[in-house]
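Note that the protein sequences, when read in sequence, are chains W and S.
Mapping of the first sequence onto the working numbering: residues 882 to 1155, in sequence order.
Mapping of the second sequence onto the working numbering: residues 869 to 1104, in sequence order.
Source of the hints: derived by calculation from the structure; they are not laboratory data.
Keep in mind that the hints are not guaranteed to be accurate.
Unchecked claim - Taking lysine to aspartate or glutamate and the DMTMM-like style, the derived pairs with C-alpha atoms no more than 20 Å apart in a straight line are: (1) S:K1086 with W:D1135; (2) S:K1086 with W:E1142; (3) W:K897 with S:E1088; (4) W:K912 with W:D925; (5) S:K1086 with W:D1148; (6) S:K975 with S:E1001; (7) S:K975 with S:E1037; (8) S:K1100 with W:E1142; (9) W:K1136 with W:D1118; (10) W:K974 with W:E1071; (11) W:K1136 with S:E1088; (12) W:K974 with W:D905; (13) S:K1086 with S:D1012; (14) W:K1042 with W:E1026.
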Amino acid sequence: MTTVERDNELSSTVGKPLLDGADDVKFSVRKLAVHYAELQAVHDVNLDIGQRQVTALIGPSGCGKSTFLRCLNRMNDIIASCVVQGEVHLDQKDIYAPQVDVVALRARVGMVFQKPNPFPKSIYDNIAYGPRLHGQADSPSALDELVETSLRRAGLWAEVKDLLHRPATSLSGGQQQRLCIARTIAIQPEVILMDEPCSALDPIATARIEALIGELKCDYTIVIVTHSMQQASRVSDRTAYFHLGRLLEVNATDKIFMAPEHPGTEDYITGRIG
Amino acid sequence: MTDIRSHHISPGFDAELEHLTGHFQRLGGMVAQQLQDSLRALVTTDRAQAENVCARDQEINERDVAIDRLCMSILARRQPAANDLRLVTSVGHATFDLERIGDEAAKIARICVEMFDAGISPPVVDQIQAAGEMVLDMLRDVLDAFARLDSVAAYEVARRDALLDVSCEEIIEATLQELIAREQNLAGSLRMLWIPRALERIGDHSCNLAEHVVFVAKGEYVRHMSLRRMAKRVQS
Ligand SMILES: Nc1ncnc2c1ncn2[C@@H]1O[C@H](COP(=O)(O)OP(=O)(O)OP(=O)(O)O)[C@@H](O)[C@H]1O
Ligand SMILES: [Mg+2]
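One chain only, chain W, in its complex shape (with noise of 0.2 Å):
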């Protein structure tokens, strides 16, 4: 089957799941579908994921947001009753391919999570950790360096520069999210994944890791689940929404807040009873 013929039988997400000329893909996702044993997760996604784009993945609770975003590293491996069927394809590669390492695979898509969670080392170590891991740093004063533009990139430098080795754990929640997201971009990967990554913060450190990743777009393509509308609104490029395992509506972040077009989609970010 070609791609076009492929395209025009696409399931029912309405909008713009798949990218045309003017953006370039990272991810290509065709008739996903996810099961843990019985249950099924994921059912039939189609989606085209930007690259240097964020694109925020919204629906309500279980819906598959993290199952989905799991399906783009790799992470559902570890589930011993998660079966992933269908295609996933980083710059026209397909990532469940048997050759594929999934270790370097997870350095190319590294992960942030909802709590944050720092291994019980000093600062220093947990940026260190992932290049020594992938022989990424030659020298001590090249690792030096790059676990200080990490921090830097972070938002982190100023407040931890001389504190690195104390244990990661001393640090506030806000404080251990951006070392987490400091010891994701040490790898020099090329897509971030965010999971719920402001759950656990205040104001002020949300709006911190919002500014960083309007920066990190210039390099990287992020794909972030949210629960705040408001944060997805204000960090994203793309809106996908989720409801019981479906995409229901893909969309430029602005049509999605402003006329989205699924009756659905509306109900969810209106606040409404469906």
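Please build the complex by placing chain S with the ligands on the supplied structure of chain W, with the hints as guidance.
Chain S with the ligands in isolation, oriented as in the chain W frame:
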């Protein structure tokens, strides 16, 4: 105005939107009444009624500010999205149009007072009355379309504006003819020409209101659009 849609999870938000649209509709009713009264004052040479219209304009201005405050408060506290966002911002814009219609009605009443005091009998009153009824119908119908978020009905109002414009031009022409024939107090009588202009402006504001209805109902910007293109958007 919101009761045709499903309810919000937050009943307080529903109540606030209903409060807002209730205020808006009441202002619409007041403004239509002002227009009707100013026209009646003209037709019946009722100076007291004309004065009343002028006096009530202040209340309309106050209500305009109150609605603006409500919109701001909802935007700040609820951060509405999608059709709620369109409703709140459009009520804000539409209130501006209502307030201007109120100004035009007061202007008609003021001219009546001046005419009556100068002992000038206004010319072509029948024609003005007919055009006045036309624009009053437009205003009432567009307020009704707003209440029901009916973009087809809104479009029908916008369609009638061209006819109104023709009538107003004819009134201006006829007024000039009659004033020339009368050859008396020409300078004072020329003020009469502002009345058809006011009716025309009210027609224009009613068209703006119609465009807001389409935006709230359909999410389509039809401002500054030809009627043909507007018709297409409305039917889509
Ligand atoms: N590890 C798992 N094992 C079994 N079922 C799971 C697992 N993770 C998720 N599920 C189920 O899959 C469905 C989708 O869950 P998922 O976590 O993807 O939703 P979500 O949209 O991220 O929700 P939330 O907004 O609450 O985080 C749910 O019904 C959930 O119970
Ligand atoms: Mg989740």
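Indices of hints not satisfied (ascending): none
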